[in-house]
Amino acid sequence: MAAETLTAAEPAAPHGWDLDPVLTVEHLTMRFGGLVAVDDLSFNVGRGDITALIGPNGAGKTTVFNCVTGFYKPTEGRIIMRHGKSASEDAIRRLTETGEPWSESEDGAIFLLERMPDFRICKDARVARTFQNIRLFGGMTVLENLLVAQHNVLMAASNFTIGGILNLPGFRAARQAAIDKAVYWLEHTRLLERADVPAAGLPYGAQRRLEIARAMCTEPHLLCLDEPAAGLNPRETSELNELLEYIRGEHGTSVLLIEHDMGVVMEISDHVVVLDYGEKISDGSAEHVRNDPSVIAAYLGVEDEEVEAAEAAARAAASAAAAKGRAENGPAENGKDTP
Amino acid sequence: MEYFVQQLINGVTLGSIYGLIAIGYTMVYGIIGMINFAHGDIFMVGAFIALTVFLIMLAIGVTALPLILLIVLIVAMLFTSVWGWAVERIAYRPLRGSFRLAPLITAIGMSIALQNFVQLTQGARVKPLPPQIQGGVTLMQGDAETGAIVVQLSYMQIIIIVTTVVLMTAFSLLIAKTELGRAQRACEQDPKMASLLGVNVDRTISLTFVMGAALAAVAGVMFLLYYGVIDFYIGFLAGVKAFTAAVLGGIGSLPGAMLGGLAIGLIETFWSGYFSVEYKDVAAFSILAITLIFLPSGLLGKPEVEKV
Numbered sequence: 000m001a002a003e004t005l006t007a008a009e010p011a012a013p014h015g016w017d018l019d020p021v022l023t024v025e026h027l028t029m030r031f032g033g034l035v036a037v038d039d040l041s042f043n044v045g046r047g048d049i050t051a052l053i054g055p056n057g058a059g060k061t062t063v064f065n066c067v068t069g070f071y072k073p074t075e076g077r078i079i080m081r082h083g084k085s086a087s088e089d090a091i092r093r094l095t096e097t098g099e100p101w102s103e104s105e106d107g108a109i110f111l112l113e114r115m116p117d118f119r120i121c122k123d124a125r126v127a128r129t130f131q132n133i134r135l136f137g138g139m140t141v142l143e144n145l146l147v148a149q150h151n152v153l154m155a156a157s158n159f160t161i162g163g164i165l166n167l168p169g170f171r172a173a174r175q176a177a178i179d180k181a182v183y184w185l186e187h188t189r190l191l192e193r194a195d196v197p198a199a200g201l202p203y204g205a206q207r208r209l210e211i212a213r214a215m216c217t218e219p220h221l222l223c224l225d226e227p228a229a230g231l232n233p234r235e236t237s238e239l240n241e242l243l244e245y246i247r248g249e250h251g252t253s254v255l256l257i258e259h260d261m262g263v264v265m266e267i268s269d270h271v272v273v274l275d276y277g278e279k280i281s282d283g284s285a286e287h288v289r290n291d292p293s294v295i296a297a298y299l300g301v302e303d304e305e306v307e308a309a310e311a312a313a314r315a316a317a318s319a320a321a322a323k324g325r326a327e328n329g330p331a332e333n334g335k336d337t338p
Numbered sequence: 000m001e002y003f004v005q006q007l008i009n010g011v012t013l014g015s016i017y018g019l020i021a022i023g024y025t026m027v028y029g030i031i032g033m034i035n036f037a038h039g040d041i042f043m044v045g046a047f048i049a050l051t052v053f054l055i056m057l058a059i060g061v062t063a064l065p066l067i068l069l070i071v072l073i074v075a076m077l078f079t080s081v082w083g084w085a086v087e088r089i090a091y092r093p094l095r096g097s098f099r100l101a102p103l104i105t106a107i108g109m110s111i112a113l114q115n116f117v118q119l120t121q122g123a124r125v126k127p128l129p130p131q132i133q134g135g136v137t138l139m140q141g142d143a144e145t146g147a148i149v150v151q152l153s154y155m156q157i158i159i160i161v162t163t164v165v166l167m168t169a170f171s172l173l174i175a176k177t178e179l180g181r182a183q184r185a186c187e188q189d190p191k192m193a194s195l196l197g198v199n200v201d202r203t204i205s206l207t208f209v210m211g212a213a214l215a216a217v218a219g220v221m222f223l224l225y226y227g228v229i230d231f232y233i234g235f236l237a238g239v240k241a242f243t244a245a246v247l248g249g250i251g252s253l254p255g256a257m258l259g260g261l262a263i264g265l266i267e268t269f270w271s272g273y274f275s276v277e278y279k280d281v282a283a284f285s286i287l288a289i290t291l292i293f294l295p296s297g298l299l300g301k302p303e304v305e306k307v
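Chains A and B, in that order, give the protein sequences. Per numbering that gives the first Met the number 0, the very first residue in the first sequence carries number 0; after that it's consecutive. Per numbering that gives the first Met the number 0, the very first residue in the second sequence carries number 0; after that it's consecutive.
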């Protein structure tokens, strides 16, 4: 998949992520009062891809995550999650018209995330996320953190706790399966020997790994990671890259990540979406984005005239107009980002 | 000595009832950070339901006391749970995202509404229940010469203490070991994160109210059997005492609620036994004030940790 998306960088050929997206964000707008944190944003996350969402501070990346995972209800726009074979535009349009949050067919299921409460986005649409500031259940043990993530499976198996109290065989099997799964992820995050330690007692890097392990215990189709490499040392960062590659390779889980560490982004991403002031300024392979003048301008803070000159040379006049609008919008959103 | 032992028994009995109610306060506080002021009245409703069932059973001629007790307990727990669930659903859930004081005010409103509802439907007079369980075990014989009194542990007291111990053990295990308990602890620590992991937080909160109400119903049954009279106003004082117990033990902490209930029960009984009955409430609340000065988070409460 990675090789395929890299070669698909030529403008004419359709990208892998447009052909078989697991998540489609369409015309997403999020306003906080007069502040526009995300403005008419559209992008695709390819199935089985590692997609990076990057941009300078306050660009609206975390707001996008919050909309996708149900933390915020978007002001406008549609967020489509697809399971299984890609659903036709027709099916999505029909679903949108019915007002239902999701529909199922033999090909798979489609979910309109903006219509679903957050626990259902995890439970049914199978989107999991981690946070920029770690949010573990500090008072619980490492293992318990992973069991909370399997709450729905265990709750169903225990017939809403009653079977659990009676310790019925069906529940015992489900419980063992849950522990096995937790152990599996603990092994892959090198936390197994700390399974019974309170999560708050783990060192920082281990807490980050535990968050990913916990998210994976919900068996997500899409894993959203908010700055997973923040605060990690180089060795831990390369371990993280391996873990993400493993998650994608072995479990076929699509990954959407926000990252500031360009080393991580360029190394593992199949697809990069760049935001600045809530608007998409670039979208393509890591190679494509790296050489995009508007991205360089956004990151290095080139003067407006230079941006215009560069963009006029590189791209159509339309994107230059967007850059001007962006300069007028002013800095924003940071602080609103994290609740 | 004999007098002391008798007071100890009485205090533990009273403390058990307070403890059962206090659990409802502490659990709700733990999970949504609000004081459910209507909880005392849920206890009162439980006592009234128990009385109704008792009288029905007596009227249709059921005489086997253990059977009556069992049915009364189950029916009271069931119906009171529905009341507890409904209170949460009607008065608290719609205000979930609102400012902190809003559910507190609806809680007081619910409390008044429940009191008045029972007053209107059941009348304002006290309702007696003929004593059902009499007799007891004599622990120490009295002695006329030394002035020692007879120390008696009544069967009713045994039932109250045993029921409380069994329920509290079961309950602690439920919280510590089961899926539901784990989900409750997760919601207590970070409801938003729990819901992002697929836990239905609203349902978990509802179940917390149901559990608290079920325990309050048991306390109501015990209160009815122990004192033999109830009225629509018993929920207020019992509620305030149980709330005090929860705060004394460290609000949010389950063992704290049990310990606090016991402490308040003992303080009250000993104060009335050795000093004056009139000032027993003053004593209980003074101890609360003194404890909170030196241990602001209560006896077993975790100190508030600043979130970074």
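Hints listed in this document are in silico derivations from the structure and should not be mistaken for laboratory results. Check before you lean on any hint, since a few could be wrong.
Below, a list of computed lysine to any residue pairs in the SDA-like style, where the Cα atoms sit at most 20 Å apart [claimed, not checked]: (1) B:Lys176 <-> A:Leu167; (2) B:Lys126 <-> B:Asn199; (3) B:Lys279 <-> B:Ile59; (4) B:Lys176 <-> A:Tyr71; (5) B:Lys191 <-> A:Tyr71.
The hints, checked one at a time:
no., hint, result
1, B:Lys176 <-> A:Leu167, "holds, 15 Å"
2, B:Lys126 <-> B:Asn199, "violated, 41 Å"
3, B:Lys279 <-> B:Ile59, "violated, 41 Å"
4, B:Lys176 <-> A:Tyr71, "violated, 33 Å"
5, B:Lys191 <-> A:Tyr71, "holds, 12 Å"
Consistency note: the structure conflicts with the earlier hints numbered 2, 3, 4.
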